[in-house]
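Asker: Sequence:
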Amino acid sequence: MSVVFALVDCNNFYVSCERLFKPDLRGRPVVVLSNNDGCIIARSNEAKKLGIGMGEPFFKKKAFLQQQGVQVFSSNYALYGDLSHRVMSILQQLEPEVEIYSIDEAFIRLPVQHDRTMTECALNLKERVGRCVGIPVSVGMGRTKTLAKIATSVAKEYPGYQGVFDLERCPDQEAVLATVKVNKVWGIGGRSTKKLNRQGVFTALDLKNSDGRRIRTVLGLPGLRAVMELRGESCIHLEQCPSARKSIVSSRSFRKPITSLQDLKEAVSSYISIAASKLRDQGLAAANLHVFLSTSRFRTDIPQFSGSRMITLPQATSCTPTLIKAGLRELTALYKPGYPYNKAGIMFTGLSHATMQQQNLFISAGDIRNKPLMEALDRINDYWGRDTLRYGSSGLAREWSMKQVWKSPAYTTSWTELPMVGTHQVKG
DNA sequence: TCTGGGGTCCTAGGACCC
DNA sequence: TCTGGGGTCCTAGGACCC
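Heads up: the first sequence begins at 1 in my numbering, then just goes up one per residue.
Incorrect hints may appear among the rest.
[What the hints assert, rightly or not] Now the in silico label distances, taken between C-beta atoms and shown as ranges:
#1 Q68 to T332: 43 to 51 angstroms
#2 A397 to G189: 34 to 42 angstroms
#3 D301 to G51: 55 to 63 angstroms
#4 S408 to P257: 24 to 32 angstroms
None of these hints come from the bench; they were simulated from the model.
The beta-carbon is built from N, C-alpha and C at its ideal position, and this holds for glycine as well.
All chains should be modelled from the sequences, with the hints used to inform the complete structure.
Answerer: Pasting the structure below:
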């Protein structure tokens, strides 16, 4: 039996999440900012029409946004993550073969049915998510994931389709592909677009009709895959079970540049604490710890430094104090005084299951003794909030911490921030 | 004077994604 | 003054081995 891929994509997801609790913002321009209120990373359709680009630095647009009455939000990942989970649950209830691809997208494999039934199925998904969660979605269908992606962009672009477009049963598929610029094809980014343009390839249709061997030499394997997928040969399969994580990163830009090793130590300790609790949450242990540090690449007026160091631990671990100790040692070796640093971070690699560790005769059993402590720490922070208990090395004043001026409440994930309906007190 | 060839593994960096 | 963060895969090149 042949199948098609459907892609369910939440419209302007972060903006839709914010609007859910502020319905008066419907029809009005809204943007959501990245961490540290740095860039614009989500825009409502009204904001897009004002010419606000994806990824634009906020400080450059601030005056314009104010003048146009655009509502601004700092990002609230607790809220977005929770609503994403609710959307995905609905899809999984309705369809057996679902791949959660990102926070706002899911691929679904549908058996090919009668033309009308397919579209009805997609409309049903859209209606159910809208009714149960309140997030608007678009659905595109195609013989491959790449074609489904294109179909979704068509569904969003032309209101006449009511948010659902089936490219597989489109009478003139090639005419549609001719309207899609090649940089909109999944897997073709800015660098590849320049190379393709030099080869005379400008649209998705051009790429589809290109010589695969030539594209392979220009773009490598990913380019060839894009060509095959556009031709309807599925190369990227549905992954229902997420594969094991290979790395965990925690990094942030600072509120303002910092120069002292002491401040950097606090930041790095805090990032290690965050990432180590993620390790434990997923039952993993890390064998390698990378520490990195950099000045702002946008500041051409100051001396630049960017570097990283990696250490392989004597034994894979998820124990916060052990990791902090190793991380601070690496940071001290990496640190060069005199530079205004704007970002630091850490990464864990060499991940394995915590229960399947080769024991080392020559290493102290400190990490094992710390296990109940880590469990208690995680339980308390899960319940009372991430920073309730933290290591002293993470600091108290935290001059370096993120800027988040316009953050909405954690409406759905914190009892103290639930939205209020009226203010009546219950007596009795 | 003249210094192989092929395989594997690892790593850093590039490119891309959301 | 102010420009995100967290991921994956691929490739080229170096180290090493026989």
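Asker: Return the numbers of the hints above that this structure violates; sort them in rising order.
Answerer: Violated hint (a single one): 3; every other hint is consistent with the structure.
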